[in-house]
Amino acid sequence: MSEQDKKQKTENRKRKVFRRWIPRQRLVNVLVMVFVLCASFATSAFAVSIPTIDHAANSNFDDILNILFLRDYNTRLVVGSTAILGAAGGMVGSFLLLRKRALISDVLSHAMLPGIGAAFILAVTFGANGKSLPFLLLGALVSGLLGVGCVLFIRAFTRLKDDAALGIVLSVFFGLGIVLLGFAQRMPEGSAAGLQSFIYGKSASIIQSDLLLIGAVALAVVIATLLFFKELTLLCFDEQFAGAIGWRPVLMDVVLMALVAVVTVVGLQSVGLILVIALLIIPATAARFWTDRLRIMIIGATVIGALSGWLGSSISALKPNLPAGAVIVVVCAGFFIVSLLFGPARGAIPRVWLQVRTNSRIARQHVLRAMYEIIESQGDGSVALDPSQLQRTDVGFDELLPERSWSQGHLLRKLRSAIQDGMLTRAGDSRYRLTAQGAIEAIRVVRNHRLWEVFLITHADIAPSHVDRDADMIEHVLGNELVQRLEKRLGEDRDALHVPQSPHRIGGALT
Amino acid sequence: MTWHSYDTWVVVTGALCAASCALLGSFLVLRKMSMMGDAISHSVLPGLAAAFLLTGERTSLAMFLGAVVVGILTALLTQWVQSYGRVDRGASMGVVFTTLFAVGLIMIVQAADRVDLDPGCVLYGAIELVPIDTIQFVGFTVPRAAATLAIVLLINIAVVGFFYKELKITSFDPALATTLGINASMMHYLLMTLVAVTTVASFEAIGSILVIAMLIVPAACALLLTDRLGVMILLAVAVGVACSAIGHASAIAVPPALGLGDLSASTSGMMAVTAGTIFAVAILLAPRHGLLAKWLSLWLLRLRVVREDVMGLLYRLEEIEHRRPITLDVREMTTHLERSTLLMRIALMHLTRKGYIQRPVNAVALTEAGRRRAVSIVRSHRLWESYLHEQASLPADHVHGPAERLEHITDPQLREALAEAVPARDFDPHGRPVPEAPEKIGNGDEEPGRSM
Chain W
3 MSEQDKKQKT ENRKRKVFRR WIPRQRLVNV LVMVFVLCAS FATSAFAVSI
53 PTIDHAANSN FDDILNILFL RDYNTRLVVG STAILGAAGG MVGSFLLLRK
103 RALISDVLSH AMLPGIGAAF ILAVTFGANG KSLPFLLLGA LVSGLLGVGC
153 VLFIRAFTRL KDDAALGIVL SVFFGLGIVL LGFAQRMPEG SAAGLQSFIY
203 GKSASIIQSD LLLIGAVALA VVIATLLFFK ELTLLCFDEQ FAGAIGWRPV
253 LMDVVLMALV AVVTVVGLQS VGLILVIALL IIPATAARFW TDRLRIMIIG
303 ATVIGALSGW LGSSISALKP NLPAGAVIVV VCAGFFIVSL LFGPARGAIP
353 RVWLQVRTNS RIARQHVLRA MYEIIESQGD GSVALDPSQL QRTDVGFDEL
403 LPERSWSQGH LLRKLRSAIQ DGMLTRAGDS RYRLTAQGAI EAIRVVRNHR
453 LWEVFLITHA DIAPSHVDRD ADMIEHVLGN ELVQRLEKRL GEDRDALHVP
503 QSPHRIGGAL T
Chain Y
9 MTWHSYDTWV VVTGALCAAS CALLGSFLVL RKMSMMGDAI SHSVLPGLAA
59 AFLLTGERTS LAMFLGAVVV GILTALLTQW VQSYGRVDRG ASMGVVFTTL
109 FAVGLIMIVQ AADRVDLDPG CVLYGAIELV PIDTIQFVGF TVPRAAATLA
159 IVLLINIAVV GFFYKELKIT SFDPALATTL GINASMMHYL LMTLVAVTTV
209 ASFEAIGSIL VIAMLIVPAA CALLLTDRLG VMILLAVAVG VACSAIGHAS
259 AIAVPPALGL GDLSASTSGM MAVTAGTIFA VAILLAPRHG LLAKWLSLWL
309 LRLRVVREDV MGLLYRLEEI EHRRPITLDV REMTTHLERS TLLMRIALMH
359 LTRKGYIQRP VNAVALTEAG RRRAVSIVRS HRLWESYLHE QASLPADHVH
409 GPAERLEHIT DPQLREALAE AVPARDFDPH GRPVPEAPEK IGNGDEEPGR
459 SM
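If you're matching them up, the sequences are chains W and Y in order.
For the record, in the first sequence the residue sitting at position 59 is 61 according to this note's numbering, with numbers rising by one throughout.
For the record, in the second sequence the residue sitting at position 266 is 274 according to this note's numbering, with numbers rising by one throughout.
Hints were generated in silico from the structure; no laboratory data involved.
Beta carbons: idealized from backbone N, C-alpha and C, even for Gly.
Take the hints with a grain of salt, since some may be wrong.
As the list claims (entries may be wrong) - Chain W stretches covered by chain Y per the calculated footprint, using a threshold of three residues with CB under 8 Å from any CB of chain Y:
no.	stretch
1	155-163
2	179-185
3	488-494
As the list claims (entries may be wrong) - Calculated lysine to aspartate or glutamate pairs in the EDC-like style (CA-CA distance at most 16 Å, straight line):
no.	chain 1	residue 1	chain 2	residue 2
4	W	Lys102	Y	Asp96
5	W	Lys416	W	Asp400
6	W	Lys490	W	Asp474
7	W	Lys102	W	Asp7
8	W	Lys232	W	Asp255
9	Y	Lys40	W	Asp164
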């Protein structure tokens with residue numbers, strides 16, 4: 003079979019895998035969807051079935067338990083709806099974050115204020131009930147989406163950048179909203195009191211129909227997200243590719259914006275228009291620290307959002323003076339800080355830890371290479387050293403110190419830790435000797451260093467006097483596979499312990 | 009609508025506030041940091057509340073300091089989350105300001121029993137109440153907010169004036185600034201400090217969210233109107249002041265006009281709406297960057313292309329039929345060139361007026377002057393074809409399209425430079441003769457394309 007045929011065959015196989023991949027994803031999504039549906043039904047059935055106990059709790063601890071385990075009917079409503087809202091926010095927010103559009107939720111929520119005012123005025127003018135919630139929320143949805151449309155228009159047709167477009171739309175719409183709310187309050191018919199609660203939210207006064215609305219919307223959002231999972235993923239990671247295989251990125255953007263808008267609208271009522279931004283941004287950003295895998299990130303964001311909703315509204319129910327929306331956000335921020343510090347994928351502490359470990363490995367390898375080079379310079383340098391030779395010779399601290407620009411203390415610490423790990427042994431007063439393990443490691447490092455130098459000289463046309471620095475940095479990160487390829491290239495693949503000659507004079511550069 | 013002396017004070021306060029915001033906003037917009045203003049203005053809430061809870065009274069200075077500190081902290085925290093957490097800037101801003109806002113809200117509600125601080129007031133201000141609270145300032149009785157804002161404006165002018173060069177360089181080219189020895193991040197925090205101070209001074213008048221309208225919208229309008237930084241700043245300040253005056257006037261005038269009673273609408277809201285309206289007008293009508301100007305110049309270009317295509321078509325017909333002048337039916341020409349009838353009619357009117365074509369009934373023919381222009385166009389076209397074929401190695405059947413576009417933007421210098429560059433300059437790749445330059449035949453009175 004010719005090379006061409008083989009290539010064709012692997013290509014075909016890849017394509018088949020790709021083709022199969024799509025329906026399987028769909029299947030998984032549908033299964034997850036069924037699971038979510040069952041779980042939500044089970045939870046609500048459970049919630050309804052818990053007996054509502056008499057509110058005569060006498061101790062503080064009982065209060066806490068009552069609230070955390072939803073024994074009180076009112077709390078159950080509030081906690082349930084905020085937890086669902088947090089979960090939906092986390093899920094949609096993940097895509098928003100990956101699309102680098104986190105602040106669009108800011109615009110969306112601020113731009114909803116004029117919609118609320120206008121809807122109220124319209125309703126009252128035509129003799130309807132101005133406070134009908136679905137109508138107000140519809141108005142909010144329309145004006146929010148209008149605001150996003152304005153942002154896109156400004157970005158596409160003027161020389162202003164993203165940030166200015168966001169700021170302009172946000173502030174002008176909010177100003178218009180304040181003016182309209184002012185008008186609404188002045189309407190002779192119908193009292194507009196309470197419209198302002200959309201700014202800060204009023205989760206304490208959630209009633210059953212609100213919970214049902216939030217639950218239904220959140221469920222719809224979850225289902226829509228799972229249905230469009232593949233499309234949204236592609237939109238976030240490779241918009242051009244999505245366009246190239248015939249999808250419309252603009253349409254997918256519209257879907258994403260619609261999902262965000264729906265979550266924002268139901269969030270307006272319970273946590274208010276400024277804090278709903280937090281539910282869209284913070285859980286997703288926090289989950290990003292834990293993983294590099296999209297699915298896990300989304301699950302994490304959903305869980306963090308739901309937990310924040312649950313804990314936040316529970317805490318706020320404990321004390322009379324705590325606004326639930328704000329407490330939820332603060333709990334969310336707590337999760338964020340923990341994630342920022344400890345998240346294994348991108349957190350600050352794991353990263354610093356990795357840096358510290360890499361630095362110490364590099365320092366260790368520098369010590370070993372310095373030892374090797376000193377021992378090598380004591381012979382005539384014509385033959386490569388083998389491990390037994392290396393173990394026989396000892397090197398003094400004074401000889402090591404001028405090898406690199408390291409301080410006495412630093413070198414001493416590194417030597418001590420190398421002795422602890424069994425790479426070196428002490429051979430008399432401030433003299434050191436390589437162990438068998440240390441000798442092999444030293445040979446490996448020096449060999450990698452010189453292989454790279456030779457490679458740079460022979461294949462990259464770099465002068466022998468200039469290769470040391472490059473090799474010095476890369477010797478620590480050359481993987482096995484790369485070393486093998488270098489060996490093959492340079493004809494050094496006979497003996498893994500054979501160290502080639504240094505292509506340049508050693509030590510001359512520093513003295 | 010009746011205008012009282014306190015209305016003047018409201019406008020003056022608003023104007024002072026808008027001017028100090030616009031001054032800084034210009035730099036924010038240029039640095040693509042507009043949303044930083046948003047973040048800072050949202051998050052001053054906990055600073056105000058903390059100062060309240062600590063001092064237990066509404067002394068302005070403590071609140072002012074608290075809010076400024078938190079404002080600067082917002083900038084710092086955003087930067088930290090962005091760099092230590094490797095988070096997208098927008099997201100890190102969102103995390104920081106919503107959290108601070110929530111903390112502030114909790115603190116205010118906690119303090120609500122003891123002191124009167126209405127969160128609504130923080131969000132959208134009470135500029136209408138400004139004239140009530142007056143102080144003695146250099147012998148005059150002026151509203152306290154106006155005095156504060158005047159001082160803030162002076163500080164802003166002084167700092168921006170003193171660091172004008174540094175701010176300018178760091179805004180446009182931070183790398184160059186660094187090589188010149190200007191500390192770009194110091195300038196960043198200086199600007200952030202000024203923004204925080206201005207936001208806090210303004211929040212009482214126009215509220216913390218509308219501060220961002222005054223920070224960004226006038227500056228954005230100015231950016232659409234000019235390309236020079238100095239002019240931009242002045243324009244932004246002017247737009248801000250105009251917003252204040254028009255905003256307050258319309259706040260008084262609009263409710264009665266809508267039949268909503270004599271009470272005026274929210275002035276700060278109206279200021280934002282006015283700013284938005286001015287911005288919309290600027291988008292449409294700005295001289296160089298406005299939509300109308302862009303459409304107009306595009307349309308004029310289309311018109312010129314049609315004119316030149318008409319002359320080119322007539323010349324080619326004469327060449328094929330070996331007789332001149334040749335007359336062509338207008339309808340036939342319109343369908344052949346695939347242009348709209350209206351555009352064609354205007355183009356023909358232009359050409360007739362300039363004397364390039366004659367108009368027998370329902371037909372057109374070249375005049376001598378028109379023929380000279382046509383020669384120039386066709387020569388450009390065929391020279392381009394030869395050039396593209398020979399020098400750029402395009403196949404002969406692919407050169408017509410690009411040449412058709414390039415002929416319209418080729419001036420005589422470029423055309424003759426092309427003639428120099430093409431070895432076989434007598435015939436194009438399709439074998440048609442390249443006409444002599446019109447300057448050599450007679451005096452070519454006008455070049456076909458303006459220079460680019």
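Unsatisfied constraints (hint numbers, rising): 3, 6, 7
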